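Protein chains in written order, with my numbering: chain H, 196 to 540; chain D, 143 to 443.
Calculated directly from the structure, the hints in this document are not laboratory data.
Please note that a few of the clues may not be correct.
Stated by the list, open to error - Okay, derived cross-link-like pairs now, DSSO-like style, lysine-lysine, Cα gap no bigger than 30 Å in a straight line:
1. D:Lys-408 to H:Lys-329
2. D:Lys-199 to H:Lys-393
3. H:Lys-199 to D:Lys-408
4. D:Lys-420 to H:Lys-494
5. H:Lys-310 to D:Lys-408
6. H:Lys-332 to D:Lys-408
Computed from a predicted structure; not experimentally measured.
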Amino acid sequence: MTAKNIWVFIEHTDDHIAEVSLELVGKARELADQVGSEVVGFLCGHNVEVLAQDVIAHGADRVILAEHEELALYRTLPYARVAIEEIKKREPEIFLIGGTPNGRDFAPRVASAMKCGLTADCTDLQIGDYYVKKEDKTYKNLLFQIRPAFGGNLVATIVNPHTRPQMATVREGVMRKPAADAARQGVVEKITPTFDAKDLVLEVLSHQFRKSTINLKDAPVIVAGGAGVGTADEFALLRELANLLGGEVGASRAAVDSGLIEKVHQIGQTGTTVRPRLYVAAGISGAIQHRAGMDQSSKIIAINTDPNAPMFQIAHYRIVGDVGEVLPLIIKTLRERAMDQREAE
Amino acid sequence: MTDSRPINCVVLVKQVPDTHNVTGEVMSKDGTMNRGALPAIFNPEDLNALEMALEIKERTGGTVTVVTMGPPKAANILRDSLFRGADKVVLLTDRRFAGADTLATSYVLKCAVEKLGGYDLVLAGRQAIDGDTAQVGPQTAEKLGIPQITYAEQVIEITGDKITVQRALDHGSEIVRCTFPCLLTVVNTANTPRPANVRRQMERKLAAVPSEYAAIRTQWPDFESDEALDAYLTKHDLKIPVWSADDIGATEGSIGLAGSPTQVHKVNFVVLESTESKTIPANAEGIAAMIAELVHEYIVG
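Turn these sequences into a full structure, and let the hints steer you where they fit.
Here is the structure:
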């Protein structure tokens with residue numbers, strides 16, 4: 196009954212589920228509906244039962260909840276042990292894991308033990324059929340694991356026809372997080388794992404989170420300004436647009452050097468590397484050092500008075516014009532849209 | 143800081159195409175790639191792993207052995223490792239290794255590390271720039287049956303039976319302590335890899351695998367035959383060992399394509415100059431159309 200299911204690894208810190216895990220629950224729901232299977236959240240922790248309902252609310256049918264004090268903080272061996280035991284017992288078809296540091300530590304350990312295929316850092320997942328010429332056989336409803344390869348110069352579709360589960364890690368922020376439905380019903384199956392001394396040979400002595408008022412890395416949208424943003428008033432426009440889109444303000448080195456914005460906002464080789472869903476490059480010419488820090492963004496809007504600015508080569512939307520004129524237009528359009536939506540509701 | 147017996151390190155390295163420097167000459171207009179135009183380099187984070195191993199050796203004594211799986215030309219990064227301070231290097235090469243995904247690769251590395259034996263630490267770069275998977279390290283650890291410490295940034299303490307390591311995470315850091323043997327994957331913020339040592343380079347410039355003998359003899363005609371060169375290199379400990387699948391006892395079905403559960407269904411080229419790129423007029427209609435498109439694609443909520 197629980198076979199052929201799609202599992203999602205539910206990561207959490209400080210009683211909060213990682214965004215990427217909920218994004219994956221949403222994607223898993225979509226895929227499961229195509230093939231008629233269940234979505235199962237795989238949740239390990241200590242006193243985390245309260246999180247299970249949240250997983251269900253975002254689209255899961257079932258949560259496997261492993262509760263143990265040794266699972267309070269993520270550690271490779273205890274987490275992997277529980278996963279491997281449950282996978283062997285329940286034989287899921289697909290197992291999706293967020294491409295976070297912990298997710299990318301956990302997934303290969305589990306895949307190696309299961310001797311199954313694992314694709315890293317997928318940017319898209321689909322269900323499809325795959326014909327193997329050598330066997331003259333079509334494998335139905337396989338997971339198509341789509342990822343950039345070769346330094347981002349290729350996009351490859353990977354399949355695992357022969358091994359189960361089909362495992363993939365997925366980049367943060369590329370799937371859409373579904374809306375929570377608090378009324379959604381699901382089953383929480385609580386299990387109590389046991390561990391041997393060899394599972395516990397690694398001790399976590401300390402664990403620190405850097406608190407920062409600005410979080411460029413996780414921002415779904417970044418509105419960044421460069422040398423073409425000449426005044427404080429124009430920078431205020433960047434902030435306004437970033438707020439409207441639920442994002443952060445970024446900057447090129449030129450803007451930081453001009454003193455209009457602090458260094459923590461700098462994006463590029465010597466600043467932060469980001470890959471938001473949307474990157475608005477306002478008045479940024481697009482030197483290679485800057486592009487290296489943002490060229491993985493899903494969509495790029497470039498605004499520049501110079502039609503030959505290198506940023507236009509990688510932009511999805513090219514707007515030749517002055518930042519001081521174009522930004523207010525975008526802000527106005529978004530505000531009008533928000534108003535229309537409110538009226539419609 | 144260190145009160146330890148000698149620690150023996152095995153460093154897993156890879157020669158990779160320099161994908162971070164893909165330029166217009168490499169990517170042609172139709173999106174196809176001229177692989178030959180890409181230089182082959184020492185995977186950057188593997189150099190950080192080698193540097194960490196060399197620093198551990200300086201603190202505790204012990205040996206540093208560098209292993210790579212790859213074609214014969216991967217001997218270049220093994221020579222580079224010798225110049226930088228490695229004691230011993232091994233090339234794993236066999237036509238049957240070709241087409242390996244991370245699972246098949248980690249199996250071969252596991253076989254080689256077990257053949258070497260006597261190790262306390264296995265180190266590898268966090269990820270290789272040609273695949274960016276970061277999977278081979280953890281998978282090799284699992285196959286060896288040893289714990290893994292990923293994203294190692296600093297070795298804080300080594301005692302006879304335990305190592306304390308700081309890990310770099312996205313939003314902070316973690317300090318963990320683990321028993322030997324274990325495997326570390328090392329990040330690029332860990333250290334600045336030392337350059338080749340000039341004296342070591344002079345002494346070891348002839349280090350080679352047999353498939354390079356012909357080229358060496360063209361440059362050094364004093365060696366009358368491959369046998370003469372082989373005898374010289376063997377005598378001076380400059381012959382780089384080459385291990386095949388049989389040498390490391392690897393099972394046929396677990397290596398190369400046969401041992402790789404993942405298959406490439408199709409590959410699409412990304413043209414640098416994005417084909418989906420649109421020029422938007424800087425007026426209200428143009429911007430409204432763009433926003434509508436972004437909303438439709440869930441880019442803007």
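To see whether the hints hold, each was checked on the structure:
1. Simply put, Lys-408 (chain D) and Lys-329 (chain H) have alpha-carbon atoms about 16 Å apart, close enough for the 30 Å limit, and the pair holds.
2. At most 30 Å may separate the alpha-carbon atoms for a hinted pair to count; Lys-199 (chain D) and Lys-393 (chain H) meet this at roughly 27 Å.
3. Of the pairs offered as hints, the one joining Lys-199 (chain H) and Lys-408 (chain D) holds, with about 25 Å between alpha carbons and a cut-off of 30 Å not exceeded.
4. For the proposed pair Lys-420 (chain D) and Lys-494 (chain H), the alpha carbon gap of about 12 Å is at most 30 Å, so the pair holds.
5. The suggested pairing of Lys-310 (chain H) with Lys-408 (chain D) holds, with an alpha-carbon distance near 23 Å, which does not exceed 30 Å.
6. Restraint check for Lys-332 (chain H) and Lys-408 (chain D): satisfied, since their Cα atoms lie roughly 17 Å apart, inside the 30 Å limit.
Of the hints listed earlier, there is not a single one the structure fails to meet.
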